[in-house]
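Novice: Since the structure of chain A is already known, use the hints to place chain B on it.
Chain order of the listed sequences is A and B. Start counting the first sequence at 1; every next residue gets the next number (the working numbering). Start counting the second sequence at 1; every next residue gets the next number (the working numbering).
The set of hints was computed from the structure by calculation and includes no laboratory data. These numbers were taken from a predicted model, which means no experiment stands behind them. One or more hints might be untrue.
Every beta carbon over 12 Å from chain A, so not counted as near; a handful from chain B, in silico [said to hold, decoys possible]: (1) Ser18; (2) Asp229; (3) Gln367; (4) Trp417; (5) Ala419; (6) Pro428; (7) Ile459.
Selected chain A positions facing chain B (in silico; Cβ < 10 Å) [to be verified]: (8) Phe6; (9) Pro163; (10) Ala195.
Even for Gly, the Cβ is constructed at its ideal location relative to N, Cα and C.
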Amino acid sequence: MDPIRFDTSPDRYSRWKLTFDGPVATLAMNVPEDGALAGDYVLKLNSYDLGVDIELADSIQRIRFEHPEVKALVVTSLKDGIFCSGANIYMLGSSSHAFKVNFCKYTNETRLYLETLSAQTGVPSIAALNGTASGGGYELAMACDHILLQDDGNTAVSLPEVPLLGVLPGTGGLTRLVDKRKVRRDLADAFSTVAEGVRGKRAVQWRLVDEIAPRSKFDDAVKAASTRLAQGRAEREGPGVKLPPLEPTRDGDVTRYRHVTLAVDRKRRLATLTVAGPTEAPPADASALRIQGADAWSLRAMRELDAALLDLRFNHLDIGVIALKTSGEPATVLAHDARLLALAERDWFAREVLWHMARVLKRLDLSARTAFAFIEPGSCFAGSLFELALAADRSYMLDVSGGPTVALSALSFGALPMSNGLSRLATRFLATPEHVDELRGQEGPIAADRALELGLVTYAPDDLDWDDEVRIAIEERAAFSPDALTGMEASLRFAGPETMETKIFGRLSAWQNWIFQRPNAVGEKGALTLYGSPERPVFDYRRT
Amino acid sequence: MSQIATNEKIPNNVDLASDRRLQRALEQWQPSFVKWWVEMGPVGFQAHDVWLRTAISADSDGWAHFDYVKMPDYRWGIFLADPVKDRRIGFGDEMGKPVWQEVPGEHRNALRRLIVTQGDTEPASVEQQRRLGETAPSLYDLRNLFQVNVEEGRHLWAMVYLLHSHFGRDGREEAEALLERRSGDADNPRILGAFNAPMLDWLSFFMFTFFTDRDGKFQLLALAESSFDPLSRTTRFMLTEEAHHMFVGETGVQRIVKRTAEQMKANPGREPRELGLIDLPTVQRYLNYWYSQSLDLFGGEVSSNAAQYFATGLKGRAHEDRYEDHVALEGSYEMTVPKDGKLVEESVSLRNAMNEILRDAYVEDCQRGVDKWNKTIAEAGVDFELRLPSRRFHRHVGLYAGMHFSPDGQPLDEAGWAAKQGDWLPSPADRAFIDELMQEPVLEPGKMANWIAAPNRGIKGKAVEFEYVRRD
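The following block holds chain A by itself, in its conformation from the complex:
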């Protein structure tokens, strides 16, 4: 199979139409039936596959960086009578389990990205449901701030997964029903078991949508809602920042970006991901940062890291361990971090760069691969790049005199939160929050023995032990059951409070992935297997 690539741009979109009208952007779904990313399923009724989501994520990113004039986003459909019917069932049915899980994870990350477009950038979104929104279609709507439903006696919102497919809504639908939209749980129960969904006034009464409008007044209602939501939003001064394609060079198993290198060792099931720190001094002020734009290290390096992580997730399924490395000058990284944080107080672009960084680091947290950080001479695990070591399941730091150092920066204490809402430091030291406060005074540079003492690294072998320790750690890890490791790592990574985000990913991993594996869904007589076939599912009715 051809590798899946995530680079795209609006002039190449074929599933969405992104248009701009003053402060209102409109993202209209129009999936061509023959537009499958891979495979021979037909994308009927605006059903989607990964190709649709790649364009959606790209659109959101471009609105954030390239279109500061936008103050509200309308998400709607160009198809008659249908908004979106969710993930394509035949695509799911014909996909490997690993792909399904990765697909769902990516779509979930994209829904959350849509939510932060509102919460962070200040661009609220309106789901203008000019046709039925079912399954993933309604989940997409729930990721918007405001849901407007056409009231024509026919158009409905629905989550038909349980009654029709014997699985669960895979993009946070159940969680958002009760956690975000605060639908009463008994009504949510009724809603989630009736395949045809709920229409009109009842949809409003049950809090499933915010507003209904008759067909003849629908466009006016969309306009009114977008105008209302755009009102009073902070100005983001132009110009926007264009995001050119990353265009890495691929040489066998090595992919080289400007700052990031991904080297895959298939035999050892190991990928080495190296991030190079900045070589120049940070931009002097906001306008210098704006001129650098997409070339600014803090943005460029993180976009590259994001691309490399997605490449690993989708195109290198057998890679079990990611060795995280860095190269460069720690002081320069710290200078960039400090400048970025200072500029972010007043400059929207600096803030976007920071939020983007946080998002990419979350993508690392959520990747179902073992991550080990190796802190070696010449590395720059400082500030934002030390987050890689904190995100890793373990970190190894070479302890020799004149060896590598690590450092914290102002970004270490909350600017780059995990899904649980806490910084990686706060999550790491959940038992001793005062320790995090103490660390504020001693950002670094910190040598290996001290880093070990402070609990910032896992192991600090000396030069005699290093090679063997590292080799054994990787070999041992690569030999464990990959399923057990995925479960163990995800359980250990997200200590601390639950958020909607952790619930969504936790339940996706636990419930949905479990159901996706069960005979009642994917067995010979399972509901997902037989969907669309002339046969009916046969369930094993024993409850678990």
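Specialist: Positioned in the frame of chain A, the structure of chain B alone reads:
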């Protein structure tokens, strides 16, 4: 006893007098229905006496009672065909088990959807036809129109009975909604697209009752096989009424072609339109339009919903007893499928092809009527043959939607279609001509509009000249 629960007011054979749940539901719904009828029923004739057939019992001699009645006073009733003793499920996965007298929870939503979709077409067609009285070609035809209308109303009652009796609060809400949707309304349209276009001329009306009501017949035949016995019984009774609607369509078109062909023969060298007649190519274009619209109503050629309905025993094939294999899990069905611009034969599992199988039976039935029309034309000595176009022609639902085909089923590109479609479908000029032709109603007993022949005989032993509709 409830006001409503009298056989006098609502003729029925479902023991309404002792069914409190049904009484309560109808007390609410019946006034809404009458209000709907007055608002949305036939325009201009609500106060007239119309010589109508009313069903007052389900017996073979009792169900067709004829008398003058003002339409708002029509006694819409509730009738189920007699139960079949020890009836068993006749197809699908549950084949051979006793039929259901109550709705199984597992199938509740799907059944409700089926019933609501069927029910919605009944008031929709009354709404579509409401202005036709203003241009009726004769009192005989006017009366037939109203007979069709009141019976569509009764079919609505039949579906509402099922909703009220078996679907609780949801059912009552759906029954109300059936009276709230309006054909052609931008904001609250009828469910199926074909039922949202107004019907403004009698050629369309006859084509509709021939082609579209015949879709209704086949849907009812398929539902008559249902494992849900009350649905089976109610649709079996509806079929007895539906037959008259198709009679109206078949004889209506037949009388038009008869008149045209006879006058062509009598006036050689004259254009039929000059003589105030509907020329046969125009009849063919209307036929093409209504036939293709009606084919769409059967749904997609390959349908997982249809497979589910069959598997679960909700909806069978027309005359299921004529088939040998009632489980239909093994067999396949060959159909012509467009692929990359070409037509190829493809094998589809039998259950997924159920819509197409029903459509096959429908096409065959339509052909029988068209043959009769052609016989009439030939008898008049005119050389012209009406033909059913290919079922790929002018489709908006299913495999062929979004593509263009000629009436003989050949694929066409956009330009080829644009160049020829005026020859194949009614053009604005055709519609304007028909409109012009049908301006005034003919309300003198026994008299016919110029463009249509008189029927061979009147209704129920009455003469053609009988005053079928009168002002008292």
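Novice: Hint by hint, which ones does this structure get wrong, listed from lowest number up?
Specialist: 8
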